[in-house]
Amino acid sequence: MKISSMGYCMKQGVKNIHRNRMFSFASIITIAACIFLFGAFFAVVMNFRFMFAELEKNLCVTVFFTEGISDEEITKLGENIRIRPEVDRLEYTSADEAWENYKAQYFEGYEAAADSFGDDNPLEGSSSYEIYLKDASKQEELVTFLKGLDGIRQVNYSASTANNLSDIAVLIGYVSITIIAILLGVSIFLISNTITIGVSVRKEEIAIMKLIGATDTFVRAPFIVEGIIIGLIGSAIPVAILYFAYDHVIEYIAARFTLFGSSSWFLSSYDIFRYLIPVALILGIGMGFIGSRITLRKHVKI
Amino acid sequence: MIILENVSKKYSSGNPALENINLHIEKGEFVFIVGTSGSGKSTLIRLLMKELEPTSGKIYVNQRFLNKIRRSKLCNLRRDIGAVFQDFRLLEDRSVYDNIAFAMKVVEAPTKKIRPQVLSMLSMVGLLDKYGKFPKELSGGEQQRVAIARALVNNPAILLCDEPTGNLDPENSWEIMKILEEANNRGTTVVVVTHNIEIVEAMKKRTVTINNGTIISDVKAGGGVIYEN
Numbered sequence: 258m259k260i261s262s263m264g265y266c267m268k269q270g271v272k273n274i275h276r277n278r279m280f281s282f283a284s285i286i287t288i289a290a291c292i293f294l295f296g297a298f299f300a301v302v303m304n305f306r307f308m309f310a311e312l313e314k315n316l317c318v319t320v321f322f323t324e325g326i327s328d329e330e331i332t333k334l335g336e337n338i339r340i341r342p343e344v345d346r347l348e349y350t351s352a353d354e355a356w357e358n359y360k361a362q363y364f365e366g367y368e369a370a371a372d373s374f375g376d377d378n379p380l381e382g383s384s385s386y387e388i389y390l391k392d393a394s395k396q397e398e399l400v401t402f403l404k405g406l407d408g409i410r411q412v413n414y415s416a417s418t419a420n421n422l423s424d425i426a427v428l429i430g431y432v433s434i435t436i437i438a439i440l441l442g443v444s445i446f447l448i449s450n451t452i453t454i455g456v457s458v459r460k461e462e463i464a465i466m467k468l469i470g471a472t473d474t475f476v477r478a479p480f481i482v483e484g485i486i487i488g489l490i491g492s493a494i495p496v497a498i499l500y501f502a503y504d505h506v507i508e509y510i511a512a513r514f515t516l517f518g519s520s521s522w523f524l525s526s527y528d529i530f531r532y533l534i535p536v537a538l539i540l541g542i543g544m545g546f547i548g549s550r551i552t553l554r555k556h557v558k559i
Numbered sequence: 044m045i046i047l048e049n050v051s052k053k054y055s056s057g058n059p060a061l062e063n064i065n066l067h068i069e070k071g072e073f074v075f076i077v078g079t080s081g082s083g084k085s086t087l088i089r090l091l092m093k094e095l096e097p098t099s100g101k102i103y104v105n106q107r108f109l110n111k112i113r114r115s116k117l118c119n120l121r122r123d124i125g126a127v128f129q130d131f132r133l134l135e136d137r138s139v140y141d142n143i144a145f146a147m148k149v150v151e152a153p154t155k156k157i158r159p160q161v162l163s164m165l166s167m168v169g170l171l172d173k174y175g176k177f178p179k180e181l182s183g184g185e186q187q188r189v190a191i192a193r194a195l196v197n198n199p200a201i202l203l204c205d206e207p208t209g210n211l212d213p214e215n216s217w218e219i220m221k222i223l224e225e226a227n228n229r230g231t232t233v234v235v236v237t238h239n240i241e242i243v244e245a246m247k248k249r250t251v252t253i254n255n256g257t258i259i260s261d262v263k264a265g266g267g268v269i270y271e272n
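Order-wise, the sequence lines are chains A and B.
Just so we're aligned, residue 258 is where the first sequence starts under the working numbering, counting upward by one.
Just so we're aligned, residue 44 is where the second sequence starts under the working numbering, counting upward by one.
If you are wondering where the hints come from, they were derived from the structure by calculation, not from laboratory data.
If you're wondering where the values come from, they're calculated on a predicted model, not measured in any experiment.
One should not assume that every hint holds.
[Unchecked claim] Pair ranges (Cβ atoms, derived):
#, chain 1, residue 1, chain 2, residue 2, range
1, B, G57, A, G543, 24 to 32 Å
2, A, R554, B, N254, 26 to 34 Å
3, B, G175, A, R554, 50 to 58 Å
4, B, E135, A, K555, 24 to 32 Å
5, A, L538, B, K116, 33 to 41 Å
6, B, N255, A, L489, 36 to 44 Å
[As the list claims (entries may be wrong)] Not close to chain A: a few residues of chain B, all C-beta gaps over 12 Å, as computed:
#, residue
7, L109
8, S115
9, T154
10, K155
11, S163
[Unchecked claim] As a list, the in silico BS3-like pairs of lysine-lysine whose alpha-carbon atoms are at most 30 Å apart:
#, chain 1, residue 1, chain 2, residue 2
12, B, K176, A, K460
13, B, K116, A, K272
14, B, K155, A, K460
15, A, K460, B, K263
16, B, K70, A, K460
17, B, K173, B, K155
18, A, K259, B, K53
19, B, K93, A, K259
20, A, K460, B, K148
21, B, K111, A, K259
22, B, K176, A, K268
23, B, K93, A, K555
24, A, K460, B, K247
25, B, K70, A, K272
26, A, K272, B, K53
27, A, K460, B, K53
28, A, K460, B, K156
29, A, K272, B, K176
30, B, K93, A, K460
31, A, K555, B, K155
32, B, K155, A, K259
33, B, K173, A, K272
34, B, K53, A, K268
35, A, K272, B, K148
36, A, K259, B, K116
37, B, K53, A, K555
38, A, K555, B, K111
39, B, K111, A, K268
40, B, K111, A, K272
In this text, a Cβ means the ideal position worked out from N, Cα and C, and glycines have one as well.
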């Protein structure tokens with residue numbers, strides 16, 4: 258198609274939206290609702306993944322050794338653990354370090370009480386390995402392995418944190434996919450209806466175009482443009498709203514729910530929107546394109 | 044230019060609209076096709092535009108074999124043909140100028156050619172002073188002249204007219220015929236389906252008479268219509 262014809266088709270597409278403004282408006286609103294929900298779920302899921310990754314970094318399994326174990330045996334155990342693929346790193350804490358850490362944490366301001374222990378180490382026999390994981394979902398596997406090793410007295414880990422986090426992320430993913438799929442269907446149906454009305458309004462013009470010798474592309478292009486513009490506007494509006502609301506919502510959540518402490522628990526708007534903007538726009542344009550294509554296949558036969 | 048070989052067309056109701064039509068129209072000819080209502084004249088035009096498929100037989104238009112032409116190539120056939128209808132089929136929301144320019148835009152003619160070509164056509168049909176008017180502001184005859192200008196603006200090889208004077212008074216009908224004759228003189232093959240026996244007899248052009256779907260006469264020198272109106 259020639260550039261001048263493209264300009265003509267674009268103009269006709271815009272005119273179609275204007276002529277058909279009630280239906281165009283309804284389609285834009287539906288797409289906007291769909292993309293808004295998509296964007297909101299996208300932000301939630303992205304943030305959950307971020308938090309999950311952050312927690313994973315700090316999630317560790319601690320193993321304590323059986324009494325009377327030699328330093329060589331501890332080193333050997335460490336080597337066996339380190340070579341496992343799910344293990345990120347290993348930190349050894351001796352009994353003395355453990356006592357020092359304990360004192361620092363729990364006897365702050367009560368140094369005299371701590372000093373009363375003298376040279377005795379109440380945590381004698383509490384030397385340990387802190388094992389940090391690359392992948393929290395592999396925690397159970399590692400714990401089973403560790404429990405089966407000789408020389409290990411106790412394995413401390415938080416089973417619930419890892420499982421709950423991955424479960425919540427998966428659940429949110431499923432719920433959002435379902436809702437978005439339904440809304441996508443509704444949006445495409447509405448765009449298709451809008452284009453159908455556009456086609457019927459311009460029936461006479463299309464008939465004349467066909468008689469004169471317009472190509473398929475030329476007849477269909479204005480309707481495709483109409484669908485794409487509806488999709489584009491429908492996706493730009495919610496993305497803009499989400500963009501301006503995001504930081505405020507994060508600040509509110511951080512202030513309202515102490516669990517999250519500070520906004521450093523969340524992704525910055527840049528991290529969210531550098532993905533969300535292109536994805537949402539492509540989604541909106543795609544819906545517009547598909548909606549109009551479906552209608553044109555059905556109603557505009559040359 | 045136009046060849047029909049043993050062409051028959053039956054509608055799904057089973058009624059034969061055309062039966063075993065053989066017709067050759069040479070380049071540059073002016074041909075009237077006459078016949079009673081329902082004789083198959085309009086079916087013939089629609090077959091030539093490939094709006095309908097023949098039940099049997101072969102159709103060639105401007106060296107294109109219509110039976111085998113693909114849907115995607117249909118636009119090329121339609122560009123060879125200018126079509127004029129009894130009901131004008133103008134776009135009511137566009138001016139005279141835009142209606143004619145529309146035909147050039149649709150076939151993606153170069154933008155700078157559109158204006159001079161449209162004005163030349165308007166001059167040919169005598170409506171240069173009404174280029175800014177809308178169809179509703181024109182008389183029937185003027186609207187038909189716009190339709191002819193639109194049909195001719197892309198220089199088609201063939202002009203097919205289905206009852207072009209059907210809605211016009213005698214004076215306007217003659218105006219239209221003069222324009223069609225002028226187009227023919229410029230080299231366009233013109234096929235006119237009409238009921239207007241007076242004009243057919245007076246113009247002395249080749250006249251094909253169809254009755255009950257078959258050609259009952261083909262008079263080269265014009266006139267000689269033998270059916271009763």
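Hints the structure violates: just list their numbers, smallest first.
Failing hints, ascending: 1, 2, 3, 6, 8, 9, 10, 15, 16, 18, 24, 25, 26, 31, 34, 39 and 40.
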